Amino acid sequence: MRKPPIIRPAPGQLTSKDKLDLYYFLRLARECDNAILRLYKQGKIVGGAYTGNGNEATAVGSAYALEAHDYLLPMHRDLGAHLVKGQTLRNIFLQQLGRAESLTRGRDGTGHYADPALRIYGNVSHLAAMIPVAVGIALAATMRNEQAVVMNYIGDGGSNVGDFHEGLNMAAVMKLPFVLLIENNQYAYSTPVVRQTAAVKYSDRALGYGMPGLTIDGTDVMAVYDACKEAVDRARRGGGPTLIESVTMRMQGHSASDDASYVPKEMLDAWKKKDPILLFERELVRQQILNDEGRRALEDNVRRKIEEAVREAESSPYPDGPEAAEGVYAP
Amino acid sequence: MGTMTYIEAIGRGMWEEMDRDSSVFLLGEDIGAYGGAFKATKGFLERFGPGRVIDTTLSEAAILGAAVGAALVGMRPIVEMQFADFVTCGFNQLVTNAAKAHYRWHLPVPMVVRLPSGGYIHGGPYHSASPEGWFFHVPGLKIVAPSTAEDARGLMKAAIRDNNPVLYLESKYLYRRVKGEVSGSEVLVEIGTGTVRRAGGDIALITYGSTVQPSLEAADRLAREEGIETKVVDLRTLKPLDTGLILDAARGAGKVLIVHEANLTGGLGGEIAALIADRAFAHLDAPVKRLAGLDTPVPFAPPLEEFVLPNQEKIFKALQELSRY
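Those sequence lines, one after another, are chains B and X.
To convert, note that position 243 of the first sequence is 1180 in our numbering; the numbers rise steadily by one, no gaps.
To convert, note that position 14 of the second sequence is 1087 in our numbering; the numbers rise steadily by one, no gaps.
These aren't lab readings, by the way, just hints derived from the structure by calculation.
Note that the structure is predicted; figures quoted are calculated from it, not measured.
Don't be surprised by glycine CBs; every beta carbon is placed ideally from N, CA and C.
It is possible that part of the hints are untrue.
In silico contact screen, one side only, chain X against chain B (beta carbon under 7 angstroms); selected entries [as the list claims (entries may be wrong)]:
#, residue
1, LEU1131
2, SER1132
3, ASN1170
4, THR1268
In silico SDA-like cross-links for lysine to any residue, where the CA-CA straight-line distance does not exceed 20 angstroms [said to hold, decoys possible]:
#, chain 1, residue 1, chain 2, residue 2
5, X, LYS1252, B, GLY984
6, B, LYS1211, B, GLN1123
7, X, LYS1173, B, GLN1123
8, X, LYS1173, B, LYS1211
9, B, LYS1242, X, GLU1302
10, X, LYS1173, B, GLY984
11, X, LYS1173, B, HIS1049
12, B, LYS1112, X, ARG1125
13, X, LYS1173, B, HIS1063
14, B, LYS978, X, GLY1105
15, X, LYS1173, B, LYS1112
16, B, LYS1211, X, GLY1105
17, B, LYS1112, X, GLY1122
18, B, LYS1112, X, GLY1105
Take a look, some chain X residues computed to stay more than 12 angstroms from chain B by CB distance [to be verified]:
#, residue
19, ILE1136
20, CYS1162
21, GLU1302
22, ASP1321
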């Protein structure tokens, strides 16, 4: 098999163009989430609305470490990862609005879609249930010598489901090209992380599986990239899986119907100072990669693209009711 | 091809398909060097190598989930659950991921889950499960349950080639007790088709799996002793049901007995009876009767197990009673 191209830079080697790309995706993810919340408030979203506010650096920085032929199995806080992997805004909003032309043809919502061409396989609501599935994709990729890596995401809550243990253990024993990112955003719905685990760090679990584990600052997009790129490279070399805990904060409720009043205000205030987008923007300005003019142009671009995608999705029809009876079985 | 046992025919079906299609592979506990708890995959490691005969960790959820993942990207895994009972540990992967993937994502999930099922082997409450009822209710799954060596091979080949998750119920009791002629290489058994094992116009007996043979024996005895002829239908596929065959049999005989090893309440018999009541009511001369395992766990000691599960004697009595209605 021909060696698939590797284009992402080594850890610590992000170029100015890469950094601007990362910044673009951070802003795009945040603005998409804001647009989804607006649509929710207008009563246009079908079902719940889930945002990744506070999680953008983790989602964007990690997915940026993947190549086109790598597999992404994200969860509901990872819109940025979908976008980095190449998903269009149109498809994102068609999914949110449950339209006929969406990737699931209205059968499922939000990020619960698969796009095999982009090698994205979305989550189910039982988030940890996708860990063994991701491991199976890594197994298939290995059997076919694809030299592909599978990156999968779970939360501080989902990490306590049995599938987490079974999947990671199997991946380690089989030495599969697999990276599991725990997005520790302090709350699983209303339950704080101290009520989910007695351990100091989730990444300590890696020791029990015989794989490398590390905890990183999930608000620092470049740190996330470097850690993930190293893990992806190791996996691709045949070095087996890695467990990465990325520490962030869920800045909004579990879903749009949750006011998150159980989160102490002081905690939110402290994390606001660590907003991943503001932090990175400051760094780009310091490195003279970004100026006011460049930022405004990018903001206009992002806004225009989102408006256009929302407009297209809103004017797209719902599926016909009777279509619901079709496609339970594959031909 | 000659005569072989039911379990040899299961292996034969897998072997031929692995020979034919390099995307078919095996995943399970102790299936490689050991050849499986029941030796269904004996010799596979030597023939196909560790890349395609994969011994796993003791992790039913991970095994089933990994099979879903591999199937989603174009492989055709065959999973062995060591005993059907243990599929409960991976239930979520089957109902949440395998069953719904095509509906949501329009992607095929071609995987086979082998479920060594049923009792009559004194396995007790955790080695005797008849799991079909748990999955019968789940849209997106298919379920097959062969009763002969020929069907064991034919249905295995069809299940492997099917683009959906197929639960393959293999009766442990039949493994080495059933032997039969198995035909040449391209004979498949179409999923969704039952067959008539015995002709008869007085009663229709609808059954599958482990209770086919005792049903045939009971029908012969009733003919011998009382001259009453029973048609015996072997469903072979439980999901989707061969509704045409069921209704034809019910309409033809007017009296119907449904027999299965799995316990009564919530079992397939209820669905079949409802189907007949709905669509063959005018042809019935008697209430549709069901004979099934008792609504208990399957117990360990032989007299207890015998009391719980259907057998030839119980089927004979049920037929006799129905004939006198």
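Status of the hints after comparison with the structure:
| no. | hint | in the structure |
| --- | --- | --- |
| 1 | LEU1131 | violated, 9 angstroms |
| 2 | SER1132 | holds, 4 angstroms |
| 3 | ASN1170 | holds, 6 angstroms |
| 4 | THR1268 | violated, 22 angstroms |
| 5 | X/LYS1252 to B/GLY984 | violated, 55 angstroms |
| 6 | B/LYS1211 to B/GLN1123 | holds, 14 angstroms |
| 7 | X/LYS1173 to B/GLN1123 | violated, 31 angstroms |
| 8 | X/LYS1173 to B/LYS1211 | violated, 40 angstroms |
| 9 | B/LYS1242 to X/GLU1302 | violated, 74 angstroms |
| 10 | X/LYS1173 to B/GLY984 | holds, 19 angstroms |
| 11 | X/LYS1173 to B/HIS1049 | holds, 12 angstroms |
| 12 | B/LYS1112 to X/ARG1125 | holds, 16 angstroms |
| 13 | X/LYS1173 to B/HIS1063 | holds, 13 angstroms |
| 14 | B/LYS978 to X/GLY1105 | violated, 56 angstroms |
| 15 | X/LYS1173 to B/LYS1112 | violated, 29 angstroms |
| 16 | B/LYS1211 to X/GLY1105 | violated, 52 angstroms |
| 17 | B/LYS1112 to X/GLY1122 | holds, 18 angstroms |
| 18 | B/LYS1112 to X/GLY1105 | holds, 18 angstroms |
| 19 | ILE1136 | violated, 8 angstroms |
| 20 | CYS1162 | violated, 8 angstroms |
| 21 | GLU1302 | holds, 37 angstroms |
| 22 | ASP1321 | holds, 24 angstroms |
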